[in-house]
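Asker: As a plain string of letters, each chain reads:
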Amino acid sequence: MTADAPRGVDAPPDLVQLLTPEGERVDHPDYDIELTAEEVRSLYRDLVLVRRVDLEAVALQRQGELGLWASLLGQEAAQIGSGRALTTADMAFPTYREHGVAWCRDVDPVKLLGMFRGVNHGGWDPAEHNFHLYTIVIGSQTLHAVGYAMGVQRDGADAATIVYFGDGASAQGDVNEAFIWASVFNAPVVFFCQNNQWAISQPMERQTKIPLYQRASGFGFPGVRVDGNDVFACLAVTRQALRNAREGQGPTLIEAYTYRMGAHTTSDDPTRYRLADELEAWKLKDPIERVKAYLFKNQFADQEFFDKVDAEADALGKDVRARCLAMPDPKPGAMFQHVYTEPHALLDEEREQYLTYLAGFEAGGER
Amino acid sequence: MTTLTLGKALNAGMRRAMESDPKVLVMGEDVGKLGGVFRVTDGLQKDFGEDRVIDTPLAESGIIGTAIGLALRGYRPICEIQFDGFVFPAADQIITQLAKMPLRSLGALKLPVVVRIPCGGGIGAVEHHSESPEAYFTHTSGLRVVACSNPVDAYTMIQDAVRCDDPIIFFEPKRRYWDKADIDLDAPGLPLDRARVVRPGRDVTLVAYGPMVKTCLEAAAAAEEDGRDLEVIDLRSLNPLDMAVLEESVQRTGRCVVVHEAPIFTGLGAEVAARVSERCFYHLESPVLRVGGFSTPYPPSRLEEYYLPDLDRVLDAVDRTFAY
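Heads up: the sequence lines are chains U and B, in that order. Here the first sequence is numbered in numbering that gives the first Met the number 0, starting from 0 and rising by one per residue. Here the second sequence is numbered in numbering that gives the first Met the number 0, starting from 0 and rising by one per residue.
Just so you know, the hints here were simulated from the structure itself, not pulled from any lab data. Hints are all accurate, no fakes.
Below, simulated BS3-like cross-link-like pairs (lysine-lysine); rule was C-alpha separation at most 25 angstroms, straight line:
(1) B:K45 to B:K32
(2) U:K296 to U:K307
(3) U:K330 to B:K109
(4) B:K22 to B:K109
(5) U:K110 to B:K109
(6) B:K45 to B:K22
Okay, the calculated beta carbon distance ranges per label pair:
(7) B:H127 to U:D124: 38 to 46 angstroms
(8) B:K179 to U:P221: 49 to 57 angstroms
(9) U:G332 to B:E246: 20 to 28 angstroms
(10) U:G332 to B:V196: 32 to 40 angstroms
(11) U:G332 to B:G226: 47 to 55 angstroms
(12) U:G332 to B:L57: 38 to 46 angstroms
As the structure is a prediction and not an experimental result, all values here were calculated from the model. Each residue gets a CB set at the ideal place from its N, CA and C atoms; glycine is no exception.
Construct all of the structure, not just a fragment, from the sequences and the given hints.
Answerer: What follows is the structure, given as structure tokens:
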């Protein structure tokens, strides 16, 4: 492959795939899944709805309503497949791009927008959804997940932990430390790496010389590479890894081989570093189209169903937009809240002084 | 009354915290079988088991990162960083995650994690084993930073730190680990965020914490022979600062010298000096002076007696406050 050749287009070796890009069901010796028509329709609906929320968020950013957005376009199957593999008791630790997993954990999509709009730095209760806050520092959350899993282990709970990160994060020290800790403590954790081929402008070859899933063997636990655009395979492989974790068999690294169809974030311009051919090739592997084809071919859904999902998606998009625009700006005093759990004399004093200062303007004082 | 060294007092405090709350864990490098390189966790693993006293891999970011995860699951980890100079691999987890996660959750999350760090010099150690990194952490909102100076405080402060729902950086004066004191194991301590006047005096207020409290007490004893009556304040809490105690003292004495081992430039002494100057301006007879480390890395140990503030350098600063 030359430096400028399209990346990741040819199917890599050892790829677990259960549904081809053409919508054909294929078998795999180690992984299988039985899904009813209803379950497949439900997965399809998830995929379409999260893509629609994502599209709306990109539009909101372009219109100045969000400061930034990290699009999941192209990674819907990796996120819905793995997200739907979780039980209620399982805990998920996301990066800042897991809007699809958040959807599976019943986090209101509008709550995801808060940090990108700049009204807060997070803003949902992780314990309520068993879905941790978005983490921006690359790879930090892998250690949190391992620690959490060690807690689960100590509690003797029937639960696993999953942590999301990307190909770029695989170069971080924290991720490698997390692998070591999970391995030596046999922690019930699944490392779910979405290899979307690009860490902003850098291709995965800048992060690794071997396939990412093979890293696991050096740490002493299994690694598996799954077609990240195949929601069936992502569901099957993640479900198995979570089950293994719950049963005391320790961690698994899953490399979901996928593609970031959009920019890294709305601040990025991918035309500066990657070829249009690559994007075109990956469009043919679209995670939603193949499920649609499968549903059609097997007569598990008719046009009425697809129209209904599209209409639901449009309504969701409108609703997310309306509630984003209605999101109030925080009051200045809010920045002093929740810094500490217990009273803190310095901060209390600063808040009081600053609010008194601000009140001077409200009383008609001049600057 | 029980006579304990500062190290043993910390051990007794952790032991009591672990007895009273099964969620309290101890974790760090060599804290189990070895009992820590300073033996501060000696015997805890034997009595509480390997699940509660965790010998970790040799990776500081991993210690703090996994402690955060354990805290998210409802545990209260006490992390040991083996030496001050080894905290920096963990700085990212401490500063970007531990300190900020409760805010990020809008108050939904608490992170009751204690990070114990043996600090300071004076033990003839090699590089990275004698540093005073407190200002890096006092500068980080979301953290509380405390420093114990004596066995009695060490015993209660470590228990109070474990009970606190905020993350705490807990500095231990390593060269004072072997100092002894009589401790009433059932007596409550001063609240964690309060400073203490450890020696009342009329002429000058000496402000110190951790290892320098003893140095200042020695300076005060020496000054007494020269007819000067020095007050010594042990800050105990470095963030937040107990300004009420400082203000009351300096308004009485009119002179203030801040003493720490860390470099003076943008050190904690600068903050104390600025705040005391703001609040006690009309009471001050001289500028607030600082005695501390130089703007050099911590020197090779054969030079540390020149680098570390000692009785003479403290008294020299005291003299200078009378020159105005």
